[in-house]
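Line by line, the protein sequences are chains U and A. The first sequence begins at 0 in numbering that gives the first Met the number 0 and counts up by one. The second sequence begins at 0 in numbering that gives the first Met the number 0 and counts up by one.
Careful: at least some of the hints might be erroneous.
Said to hold, decoys possible - Here are some chain U residues pointing at chain A (derived, C-beta under 10 Å):
hint : residue
1    : P39
2    : Q58
3    : R68
4    : A85
5    : A86
6    : F91
Claimed, not checked - Pairs of lysine-lysine residues, derived as DSSO-like cross-links and limited to a Cα-Cα distance of at most 30 Å, are as follows:
hint : chain 1 : residue 1 : chain 2 : residue 2
7    : A       : K65       : U       : K187
8    : U       : K65       : U       : K49
9    : A       : K286      : U       : K365
Hints are computed from structural coordinates only; laboratory data are not their basis. All C-beta atoms in this analysis are idealised placements derived from N, C-alpha and C, irrespective of residue type, glycine included.
There are 2 protein chains.
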Amino acid sequence: MQTLPGFRDFYPDDCARRNYILTQWREVARRYGFVEYDGPVLEPMELYEKKSGGELVGQLFDFDDKGKRHVAMRPEMTPTLARMVAARERDFKKPLKWFCVPQFFRYEKQQRGRLREFYQLNCDIIGEPLPAADAELTAVLIDMLRGLGLTENDFVVRLSSRTAWQQFFAQAGGKPEDEYEFFQVVDKAERAPAEKTDELLRKFGLTAQAVLDFMHSKTPTAELVPVLEGLNARGLGAFVEIDYAIVRGLAYYTGVVFEVFDRSKNERALAGGGRYDKLLSLMSDGKVDLPALGFGMGDVVLANLINDTPAAAAQRDAWLKDERACDVYVIIAQEERRSDALALVQQLRDAGQRVDFPLTAAKVGKQFQTAELLGATRAVLVGEEWPQVKVKTLATRAEVLVPSAELVSTLGR
Amino acid sequence: MQTLPGFRDFYPDDCARRNYILTQWREVARRYGFVEYDGPVLEPMELYEKKSGGELVGQLFDFDDKGKRHVAMRPEMTPTLARMVAARERDFKKPLKWFCVPQFFRYEKQQRGRLREFYQLNCDIIGEPLPAADAELTAVLIDMLRGLGLTENDFVVRLSSRTAWQQFFAQAGGKPEDEYEFFQVVDKAERAPAEKTDELLRKFGLTAQAVLDFMHSKTPTAELVPVLEGLNARGLGAFVEIDYAIVRGLAYYTGVVFEVFDRSKNERALAGGGRYDKLLSLMSDGKVDLPALGFGMGDVVLANLINDTPAAAAQRDAWLKDERACDVYVIIAQEERRSDALALVQQLRDAGQRVDFPLTAAKVGKQFQTAELLGATRAVLVGEEWPQVKVKTLATRAEVLVPSAELVSTLGR
Numbered sequence: 000m001q002t003l004p005g006f007r008d009f010y011p012d013d014c015a016r017r018n019y020i021l022t023q024w025r026e027v028a029r030r031y032g033f034v035e036y037d038g039p040v041l042e043p044m045e046l047y048e049k050k051s052g053g054e055l056v057g058q059l060f061d062f063d064d065k066g067k068r069h070v071a072m073r074p075e076m077t078p079t080l081a082r083m084v085a086a087r088e089r090d091f092k093k094p095l096k097w098f099c100v101p102q103f104f105r106y107e108k109q110q111r112g113r114l115r116e117f118y119q120l121n122c123d124i125i126g127e128p129l130p131a132a133d134a135e136l137t138a139v140l141i142d143m144l145r146g147l148g149l150t151e152n153d154f155v156v157r158l159s160s161r162t163a164w165q166q167f168f169a170q171a172g173g174k175p176e177d178e179y180e181f182f183q184v185v186d187k188a189e190r191a192p193a194e195k196t197d198e199l200l201r202k203f204g205l206t207a208q209a210v211l212d213f214m215h216s217k218t219p220t221a222e223l224v225p226v227l228e229g230l231n232a233r234g235l236g237a238f239v240e241i242d243y244a245i246v247r248g249l250a251y252y253t254g255v256v257f258e259v260f261d262r263s264k265n266e267r268a269l270a271g272g273g274r275y276d277k278l279l280s281l282m283s284d285g286k287v288d289l290p291a292l293g294f295g296m297g298d299v300v301l302a303n304l305i306n307d308t309p310a311a312a313a314q315r316d317a318w319l320k321d322e323r324a325c326d327v328y329v330i331i332a333q334e335e336r337r338s339d340a341l342a343l344v345q346q347l348r349d350a351g352q353r354v355d356f357p358l359t360a361a362k363v364g365k366q367f368q369t370a371e372l373l374g375a376t377r378a379v380l381v382g383e384e385w386p387q388v389k390v391k392t393l394a395t396r397a398e399v400l401v402p403s404a405e406l407v408s409t410l411g412r
Numbered sequence: 000m001q002t003l004p005g006f007r008d009f010y011p012d013d014c015a016r017r018n019y020i021l022t023q024w025r026e027v028a029r030r031y032g033f034v035e036y037d038g039p040v041l042e043p044m045e046l047y048e049k050k051s052g053g054e055l056v057g058q059l060f061d062f063d064d065k066g067k068r069h070v071a072m073r074p075e076m077t078p079t080l081a082r083m084v085a086a087r088e089r090d091f092k093k094p095l096k097w098f099c100v101p102q103f104f105r106y107e108k109q110q111r112g113r114l115r116e117f118y119q120l121n122c123d124i125i126g127e128p129l130p131a132a133d134a135e136l137t138a139v140l141i142d143m144l145r146g147l148g149l150t151e152n153d154f155v156v157r158l159s160s161r162t163a164w165q166q167f168f169a170q171a172g173g174k175p176e177d178e179y180e181f182f183q184v185v186d187k188a189e190r191a192p193a194e195k196t197d198e199l200l201r202k203f204g205l206t207a208q209a210v211l212d213f214m215h216s217k218t219p220t221a222e223l224v225p226v227l228e229g230l231n232a233r234g235l236g237a238f239v240e241i242d243y244a245i246v247r248g249l250a251y252y253t254g255v256v257f258e259v260f261d262r263s264k265n266e267r268a269l270a271g272g273g274r275y276d277k278l279l280s281l282m283s284d285g286k287v288d289l290p291a292l293g294f295g296m297g298d299v300v301l302a303n304l305i306n307d308t309p310a311a312a313a314q315r316d317a318w319l320k321d322e323r324a325c326d327v328y329v330i331i332a333q334e335e336r337r338s339d340a341l342a343l344v345q346q347l348r349d350a351g352q353r354v355d356f357p358l359t360a361a362k363v364g365k366q367f368q369t370a371e372l373l374g375a376t377r378a379v380l381v382g383e384e385w386p387q388v389k390v391k392t393l394a395t396r397a398e399v400l401v402p403s404a405e406l407v408s409t410l411g412r
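Throw the hints in and build the complete structure from the sequences for me.
Following this line, the structure appears as structure tokens:
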């Protein structure tokens with residue numbers, strides 16, 4: 000009996016590593032004034048069919064429930080977010096700065112960095128059209144990775160613009176209704192043979208060379224200049240590069256778009272996002288028309304990069320050690336003192352300490368071994384010294400006798 | 000476009016209330032030396048069919064995935080836990096003290112306290128046959144609720160024993176293979192008419208009166224005495240009552256069993272659990288044979304009880320207020336100082352402060368209103384005093400001028 004392909008068991012060590020990433024995401028999001036929301040893991044299938052493009056519809060875990068509703072396990076958050084905002088838009092002061100850390104489900108081929116379930120941080124700013132919002136969103140994205148011990152030597156945000164490509168296309172005489180098709184060609188232009196791209200672009204009166212020349216220009220457009228200024232003012236300029244090769248596959252992006260890559264290029268994109276100013280209106284049948292922007296960052300590729308970056312891995316391991324540690328291990332040296340020991344255990348726990356003790360009678364030496372194994376900072380020995388207890392600091396082996404009635408105040412965190 | 004029936008959107012306030020419960024659960028579990036694990040949301044259907052009883056199989060969200068696997072969204076954790084422990088049992092020192100806070104999915108009729116998805120704390124101790132483990136498990140259960148501001152006036156743990164009923168049944172000449180049927184009759188005996196119960200018990204040579212007499216006796220059996228002693232030693236005796244009416248519907252319990260109810264009896268059970276010493280062996284086809292015990296506590300009934308208990312609700316609301324608060328709101332009094340303000344925002348965030356600021360130019364008075372609305376503790380005004388900034392403590396209105404280069408150290412948390 001095994002897990003399904005692409006699904007993970009989280010044994011305690013795995014779970015702690017997962018929690019490290021989720022905790023850091025929450026911590027940084029809140030430093031930026033983002034508030035957490037969440038939605039259902041299961042949604043009506045129509046919710047995902049409604050979004051233009053529908054790129055994920057073919058990868059859904061969808062089925063008919065016992066009430067004959069066609070439902071799907073969530074593959075992304077944007078449709079849920081759009082529904083939630085549309086339903087209660089008036090209750091919230093704009094701009095909304097919302098984040099969530101949902102688990103997503105996509106029926107895809109398993110590869111390095113790609114499973115069938117994963118966690119994904121989503122940060123969105125809703126109701127703010129100015130580039131100050133794009134800068135704030137890019138800054139929180141960068142600080143998510145900085146918070147995990149990654150530096151500008153480890154990753155880069157590749158900043159681009161749908162608007163820039165729209166203008167490029169319009170100047171060449173392209174029509175708005177052909178834009179999406181054009182973006183698909185642009186998205187593949189670096190990897191496809193030039194003749195293939197030329198052929199696809201012919202009907203637009205464009206060439207592969209013209210597209211690649213624009214793609215490789217590094218001059219920020221008027222839209223991107225204030226975003227870069229906002230990041231430079233924060234001292235985060237070194238984390239960003241202009242790269243018009245980024246167009247993002249999804250149909251709904253409208254302005255600034257970006258993707259984050261590790262500098263070694265060993266991994267898939269760490270994160271991606273951008274502006275989707277028309278999507279809320281589309282999703283809500285025009286009920287709510289608010290500019291919006293957001294990004295998603297998954298845990299799987301990120302965990303690989305942390306593993307492969309010594310400083311980031313060391314920071315994580317220090318967190319894990321602290322997270323798992325037991326503060327106090329209570330050693331029961333005389334079984335007839337078990338009730339007294341239990342009372343102390345309870346007092347220490349009530350005071351907020353992490354406390355463990357042996358459920359079974361065991362030799363004192365064995366109990367000390369368990370204390371070490373659990374990473375306890377101190378051992379409290381309850382035995383012949385009662386009503387005093389021996390407090391031993393395990394790192395230094397220093398011992399001190401303390402009246403049991405004063406133990407809690409002595410150990411106070 | 001709405002959520003599916005029985006599923007919840009978590010708007011920021013709802014999400015914070017959910018997180019309050021999840022955070023408290025994690026905090027208390029770790030005080031007791033439990034470590035967190037997790038498993039997949041989606042599992043092979045056979046995993047849930049394997050467990051004797053199979054009470055939940057009729058309530059599953061199950062379907063065939065795109066690879067034609069019959070799969071189900073998890074309705075409970077025990078089968079996953081059993082699989083995980085069986086696969087790597089030797090890697091862990093016994094007893095295992097493991098907890099998790101998964102979301103479960105059950106296709107049930109929606110009622111007060113019952114949805115189609117819910118979070119459930121699971122705590123399990125694996126590998127310890129002694130009643131000291133039952134006492135430790137019951138103690139952590141009690142402290143989960145105490146930690147949420149609930150007292151012995153608000154809830155009670157009803158402690159019972161499958162062993163006690165097994166012995167009762169055996170003394171009356173019952174055979175082990177009839178035990179489960181007998182337990183089902185006992186489970187309904189208080190609510191069913193006595194004649195009906197008499198009829199069902201006739202073949203076992205028992206009467207409703209005999210069953211009810213034993214059910215209402217308050218004498219702890221030999222098995223329960225040390226559990227009560229363990230709780231009394233911790234000062235938690237007042238939270239527990241012997242109540243043999245508790246038998247637990249699930250087939251796999253083997254010893255001590257318990258359920259937790261609110262004292263007002265307005266709600267469904269808050270939690271329930273007990274020993275299941277034979278289940279791991281059953282689930283692993285005899286590969287792993289370890290005694291085990293555990294409980295589950297859902298978030299829905301619990302949230303109702305917190306809402307209805309003023310002291311618990313006040314404690315939650317204080318936590319929510321602190322959780323949502325913004326530490327510093329940076330007011331941009333002169334737009335030409337925006338870059339300087341952004342640099343300060345970044346420094347403060349890097350120092351761990353929760354900081355927000357206006358993305359759009361706005362009047363100073365309006366910015367102060369936003370600061371108040373976000374629950375900011377302090378406002379930092381960047382304007383004509385530059386390179387000094389005005390720091391205002393919002394609660395007291397006290398103001399002080401600080402050189403901007405010293406702001407971070409001045410505000411240091």
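Cross-check of the supplied hints:
no.	hint	result
1	P39	4 Å, holds
2	Q58	8 Å, holds
3	R68	7 Å, holds
4	A85	8 Å, holds
5	A86	8 Å, holds
6	F91	8 Å, holds
7	A:K65 with U:K187	28 Å, holds
8	U:K65 with U:K49	23 Å, holds
9	A:K286 with U:K365	28 Å, holds
Violation of the numbered hints given earlier is absent; every hint is satisfied by the structure.
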